[in-house]
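Visitor: Model the full structure from these sequences, guided by the hints.
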Amino acid sequence: MITVGDVMNMRAFDRIWLAAPCEGAASREVVGVGTLDHEPFTGSYDLFERGEFIFTTLGFAAMHPDLAEEALLALIERDVAAVAVKPVALRALPERVVAASAERGVPVFFYEGRYMERVIADLMNALDDDAAEWERNHLIDLMLAPSDEQAVRSTFFTIAGVTGATIQCLAIQAVTEDDASLRALQKVVEGVLAAYGDRWSDVERTFVCRYRAMILGFVSFKRPPLKAIAISDADLAKCIATAGPLVCGISQEVSLGEGDLALRQAMAALRTAHVEGGIVRWTTLRFDAFRAAARTDRLYARSADLMRSLLFDYDAEHDSDLGVTAQAFAAACGEVSRTAEVLFQHPNTVRYRLKKIKEVLAVQDLTDRELAALLQLVYLA
1 MITVGDVMNM RAFDRIWLAA PCEGAASREV VGVGTLDHEP FTGSYDLFER
51 GEFIFTTLGF AAMHPDLAEE ALLALIERDV AAVAVKPVAL RALPERVVAA
101 SAERGVPVFF YEGRYMERVI ADLMNALDDD AAEWERNHLI DLMLAPSDEQ
151 AVRSTFFTIA GVTGATIQCL AIQAVTEDDA SLRALQKVVE GVLAAYGDRW
201 SDVERTFVCR YRAMILGFVS FKRPPLKAIA ISDADLAKCI ATAGPLVCGI
251 SQEVSLGEGD LALRQAMAAL RTAHVEGGIV RWTTLRFDAF RAAARTDRLY
301 ARSADLMRSL LFDYDAEHDS DLGVTAQAFA AACGEVSRTA EVLFQHPNTV
351 RYRLKKIKEV LAVQDLTDRE LAALLQLVYL A
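Just so you know, we're using full-length UniProt numbering here: the sequence shown kicks off at 1 and counts up by one.
Calculated directly from the structure, the hints in this document are not laboratory data. Incorrect hints may appear among the rest.
For lysine-lysine, the following DSBU-like pairs were computed, each having C-alpha atoms within a straight-line distance of at most 30 Å [as the list claims (entries may be wrong)]:
| no. | residue 1 | residue 2 |
| --- | --- | --- |
| 1 | K238 | K187 |
| 2 | K222 | K187 |
| 3 | K238 | K222 |
Guide: Here it is in structure tokens:
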């Protein structure tokens with residue numbers, strides 16, 4: 001935001017000062033810039049807008065002194081940000097202008113400077129820069145903003161027509177990877193979920209659609225879940241199992257405004273289901289739940305990647321195995337003997353490497369137990 005105070009501090013002025021006392025003058029916001037030239041003869045004061053910083057020499061006042069008062073009063077009435085007068089034709093403000101300036105809080109300045117055009121150009125550049133800065137700030141706010149629950153609700157209504165209190169998501173893939181199998185499975189899942197909804201009076205709506213190489217199922221409930229793991233959690237898994245051979249991830253039941261999290265949960269559970277087979281519920285993932293969260297959080301992933309890169313770079317330069325040792329030490333929950341067995345190394349070799357790991361990561365003050373906790377976070381994903 002550009003203020004009158006910012007304009008007063010511009011280098012284009014040789015000197016600028018208040019022509020009459022005006023409280024809060026410097027804090028007024030400036031949204032535009034204009035010049036006062038022939039308006040007293042045309043009556044076009046409505047061209048000036050609220051928040052504009054107006055420059056003028058009041059040149060017409062040399063021949064018509066009364067018009068200077070009329071023009072300044074008209075600008076103050078328009079609630080411009082401020083008026084800057086080059087004292088050529090007018091060197092003191094009329095009493096009515098002083099009174100109006102104090103009453104409306106619109107400051108009137110006198111200024112000295114060689115070229116009015118230079119002053120105006122500098123201010124216009126400042127306003128353009130401020131507008132660009134506002135747009136950048138807005139875009140950064142959008143990047144940093146958490147998900148808008150109302151927007152999520154609206155999106156789910158657009159996609160699936162759901163309006164319930166909570167939602168549960170399923171991410172499903174056929175055992176055989178071909179489009180025909182996926183289409184056939186979609187029809188079966190639609191029927192299974194529709195039957196599930198008919199059995200439960202609390203179900204508001206079920207919906208199934210294809211998304212890339214998977215099927216997404218949505219079950220919306222009219223009531224909030226009573227527990228972290230709702231009754232529907234296990235029952236939904238039993239129900240979807242009747243659809244035939246498939247791999248499936250099922251989310252936790254969450255509020256509809258957090259439906260984007262449910263989608264992420266279902267997809268993460270599906271990845272585990274590909275490893276373990278069958279149907280996997282997010283509520284039973286335990287370590288895999290945190291691994292999935294770590295993989296999808298870019299700040300967490302970048303922090304862990306930084307630590308791993310420090311060890312990788314050291315190993316590449318010194319032909320050592322600190323990275324392998326660090327990962328094994330984390331998996332062994334900080335037990336040196338277990339780490340040594342896994343690496344087929346002497347425990348003293350492991351202890352030496354741990355000391356080097358602390359040096360490379362700049363955490364020399366950590367105990368081995370604290371180092372193990374740090375490395376477990378680093379290698380979680």
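Visitor: Evaluate each hint against the coordinates.
Guide: Taking the hints in turn, this is what the structure says about them:
Taking the CA atoms of K238 and K187, the gap is near 18 Å; set against the 30 Å cutoff, the hint holds. Restraint check for K222 and K187: the C-alpha separation of about 25 Å stays at or below 30 Å, so the hint holds. Of the supplied pair hints, the one linking K238 and K222 holds, its CA atoms being roughly 21 Å apart against a limit of 30 Å.
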